[in-house]
Amino acid sequence: MKTYSADVVVVGAGAAGLAAAIEVKKADLSALIIERDKELGGITLQCIHNGFGLKEFKEELTGPEYAQRFINEVKDSKIPYLLDTMVIEITKDKKVYAVNNKEGLIEIQAKAIILAMGCRERTRGAINIPGFRPAGIYTAGQAQRFVNVEGYLPGNIYVILGSGDIGMIMARRLTWEGCEVKAVVEILPYVSGLLRNQVQCLEDYDIPLITGYTVTKIHGKDRVQGVTISKVDRNFDRIIGSEKFIECDTLLLSVGLIPENELTLNAGAEISKNGGPIIDNNLETTIGGIFACGNVLQVHDLVDLVSAEAKRAGINAVDYIEKRYGKEELSKNKIKCTAGENVNYVKPDFINKKDLSQDIIFAFRVNYPDRRVQIQLKDEHNNVIYKRKKVYVIPSEMIELTINFEKLEKKPESDNIIVEVIPRPEVLIEEDEEL
Amino acid sequence: MIFDVLIIGGGVIGCCIARTLSKYDLNIALVEKEADIASVTTKANSGVIHAGYAASREYIRRNLCIRGNKLYTQACEELNFPFIRIGSFVVAVEDKQIKYLEEERKRGIEDGVPGLELILDKEKIKYMEPNITDDVIGVLHAPTAGIASPYELAFALAENAATNGVSFFRNEKVKRIARQNYTFRIKTNSKEFKANNIINAAGLYAAKISKMVGLDYFDIMPRKGEYILFDRNALHLNKILFPIPTKVSKGILVCPTIHGNTFVGPNAQNITDKKDISTTEAGLKEILDGGRLLVPNLPTRASIRNFAGLRAVPSTYDFIIDNTDVYGFINVAGILSPGLTSCFAIAEKIEEFLELLGLQLKIKENYNPIRPKPERFKDFSKEEIDEKIKQDPSWGKIICRCETIPEKEILDAIHAPVGATTVDGVKFRCRPGMGRCQGGFCRPRVIEILSRELYLPFEEVTKRGEYTNFLVGKTKDLLIDKSERGVEE
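Going down the list, the sequences are from chains A and B. Read in order, the letters of the first sequence correspond to residues 1 to 435 in my numbering. Read in order, the letters of the second sequence correspond to residues 1 to 489 in my numbering.
It is worth saying that the hints were derived from the structure and are not from the lab. There may be inaccurate statements among the hints.
In silico lysine-lysine, DSSO-like type, Cα no more than 27 Å apart, as pairs [what the hints assert, rightly or not]:
#1 B/K275 with B/K211
#2 B/K390 with A/K231
#3 A/K411 with A/K390
#4 A/K182 with B/K476
#5 B/K274 with A/K244
#6 A/K111 with A/K411
#7 A/K244 with B/K175
#8 B/K175 with A/K221
#9 A/K327 with A/K311
#10 A/K94 with B/K474
#11 A/K221 with B/K191
#12 B/K23 with B/K349
#13 B/K362 with B/K70
#14 B/K390 with A/K2
#15 B/K474 with A/K38
#16 A/K102 with B/K378
#17 A/K410 with A/K334
Residues of chain B clear of chain A, computed beta-carbon distances all greater than 10 Å [what the hints assert, rightly or not]:
#18 Q74
#19 E104
#20 N306
#21 I385
Ideal Cβ positions, reconstructed from N, Cα and C, are used throughout, including at glycine.
Next up, chain A with everything else stripped away, as it sits in the complex (with noise of 0.2 Å):
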């Protein structure tokens, strides 16, 4: 068995562990990376398109690209990566178990980890579409992989289920590839993917968008002849009747993302419940030392944001090392964050009383689209300490918002603070202002 040891192992190199990994060693740590794929890079490998890095780069990047300038750091700055190599095990610990074909099997013994895994796309499965198994159903990431790493076309006339942004990209893609895409079929009233890829990648290129309408049957006993589409009742239930035919040879999915937790659960760590790990304000999962960050924590919308939660990660893991490791075990004197109106989820899930002078990192996502709504969060018995006004509020985005307690006028008068989202009392539209 070989042996490494490293100050912080981080789990991943996508974007947000190569962020995490960076920090570290700026902080003269030494980090050791593991990914289970051939190359650094993540996801955004095989995101071609355009649009990232306007936040942390101030320019217009493609994924790769921007993926190759943490990758660039990583090299220069020497920290060292394990390609190919597959986590199996991360114990409390934290000692981390994992395989290649090289070395067989690695143990790491780590004084920090930060998981940053990502997600995986939810299936036909997941969603449980009826109708027959033929080839020609895949996730949308799988098809990019295909189209944009690979090669390779899935298919020739498509017809798009859900309209997330790896959806409406690929609706783009597919396009320029030459293929037909019948239609983009969202269940919700409203695209769920970002309001830029709906007017970039369908409206410019004319592919229907079909909101209200789910698929509720598929077609085709060997490969994919087309599928059954169907408007939906407020419940989502099918209304009888609507039913419409759309002929096409592959059906891709975009119905939505998952953080990959397996390992994080079997350390032991809890799982709240928008699949992410519970964590606390400096990302903190519940077992003392191991962080998360990026899309394993909460899928967000934009990479930018993945990689300032990760140097966070980086920044606290490092913190842990400097001043808590081998020391105690984690505060139990804490304020829980509570999902409140209009609030999917909330991110940390718990702050530490003792870290409240600092800026506390909130991100959640609302539930439904509204607008002119005031953001705010108050204790258990409905003071509102903070509030903030948007003039709207939709599920794509993930809302941050930076918050100061010591600076705050009124304080919690209760361990659990509710973040909710609530149409603004009184409507002056001359006060809006953008978050």
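With chain A's structure known, arrange chain B on it following the hints.
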């Protein structure tokens, strides 16, 4: 070459007969119309090894099931397929059902079903199966019932049969059977076989094959059963849970799989199209509603796959296992439930038939009944993993993340006797793509491995044979093709 025995159909029955006969000094061939064995009914059923009390006494399938269940113990030792006797509960929720269960128990004991027990102590029932409905008032416990992986059993049987000399021909659909001087000539889409004896184990198409030799005395009707499979660890069941059976089926069960998943299903829907394996909205709702009667907290949000299989239901409602009037032509048709359980007992019957037909059933000197246990990464300790990777680095390359399947297991599946040639063939043999991501990450890698190992162009790798290609071509090829077509038009 004239085969002594030609078996039509590579489902679990055909494979089991092939393997059972492979111990004798006979030339045996098996032809299968699909790209792989175990591709139709064998691949989509409950995988339950029944104890044997359920079928009516008037049917031969009752005794074949009871005998077949017993034969699983030795078969599992020899063939190393996944099988565990976890026991089953038939769940009573009304007083009058208890009487029925008691009658079933009595009849079962009389006919030699071991250990049947009526449990009326609710606390004990709940202890044995904590997820069972609170409405339960009693269960019939059959400790010899078990779960197996039906397709992995078929692969094990085929592998062992092939090792012992049986020739397998896949993608061979029987078109015509002629007879000349006691020799059958079997015309398929690409070949002509000659055989002295035919065993018709063609499942849904058994009546069609039987008619080819002029035997038109039964029909096979497809009866669809839909299933929903849940993620591993979403719900852990100790027992196979049956409702009180109806006239047409054993009802919708909730059952653990040998790989740690749980499924609910099947319903029973008589259809006409023998290729209609589609699931339906109504059917999926029906099985969930049915399953909730046994396990109220079904993990519906953790579903990873829905599928349907077709049972081959004979017009006689019983197995048709006949040494027919056409000398040398044996029908093994209408093998509905409990066909999987009965397969080894059915094969014994075929041995008797062949002896009656005058075949010399002499055991070969070099017969090897053992099919080695496929090595699985998941079964290894950390030390073993390290050792294995040193011996063969392909153990260290994990292809399927959800199920932790290394390249080595995929290579073994491809290069085994009667090995995988398609992505589904790999999936059913060693599970990449069976997990929660349903092949989202590993499918391109599996296609790549199949392409490399079988010398197939990447885009010619299929899901499960002809017309099921994953890819239509290279990105830039297609543009060239299209423009050329444009010129011609």
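Status of each hint after checking the structure:
Proximity of B/K275 to B/K211 is assessed by CA-CA distance (about 20 Å); at most 27 Å being required, the pair is judged to hold. Simply put, B/K390 and A/K231 have alpha-carbon atoms about 56 Å apart, too far for the 27 Å limit, and the pair is violated. Straight-line distance between C-alpha atoms of A/K411 and A/K390 comes to about 23 Å, which keeps the hinted pair within the 27 Å bound. With a C-alpha separation of about 21 Å, the suggested pairing of A/K182 with B/K476 holds against the 27 Å cut-off.
As the CA atoms of B/K274 and A/K244 are separated by approximately 25 Å, the hinted pair is consistent with the 27 Å bound. With a C-alpha separation of about 35 Å, the suggested pairing of A/K111 with A/K411 is violated against the 27 Å cut-off. The hinted pair formed by A/K244 and B/K175 fails the criterion: a straight-line CA distance of about 38 Å is larger than 27 Å. Taking the CA atoms of B/K175 and A/K221, the gap is about 21 Å. The hint holds against a cut of 27 Å.
Our distance criterion of 27 Å between C-alpha atoms is met by A/K327 and A/K311, whose separation comes to about 24 Å. The suggested pairing of A/K94 with B/K474 is violated, with an alpha-carbon distance near 45 Å, which exceeds 27 Å. The suggested pairing of A/K221 with B/K191 holds, with an alpha-carbon distance near 26 Å, which does not exceed 27 Å. A hinted pair counts as satisfied when its Cα atoms are at most 27 Å apart, and B/K23 with B/K349 qualifies at roughly 15 Å.
Note on B/K362 and B/K70: the hinted pairing holds, with a Cα-Cα distance of about 25 Å set against a maximum of 27 Å. With a C-alpha separation of about 11 Å, the suggested pairing of B/K390 with A/K2 holds against the 27 Å cut-off. Proposed proximity of B/K474 and A/K38 is supported: the alpha carbons are some 22 Å apart, at most 27 Å. This hinted pair checks out: A/K102 and B/K378 have alpha carbons roughly 19 Å apart, not beyond 27 Å.
Restraint check: the Cα-Cα separation between A/K410 and A/K334 comes to about 18 Å, which is no more than 27 Å; the hinted pair holds. Taking the minimum C-beta to C-beta distance to chain A, about 35 Å, the non-interface status of B/Q74 holds against the 10 Å cut. The claim that B/E104 lies off the interface holds: its Cβ sits roughly 34 Å from the closest Cβ of chain A, which is beyond the 10 Å cut-off. At roughly 5 Å from the closest C-beta of chain A, the C-beta of B/N306 falls inside 10 Å, breaking its exclusion from the interface.
The beta carbon of B/I385 is not kept farther than 10 Å from every beta carbon of chain A, the shortest such distance being approximately 5 Å.
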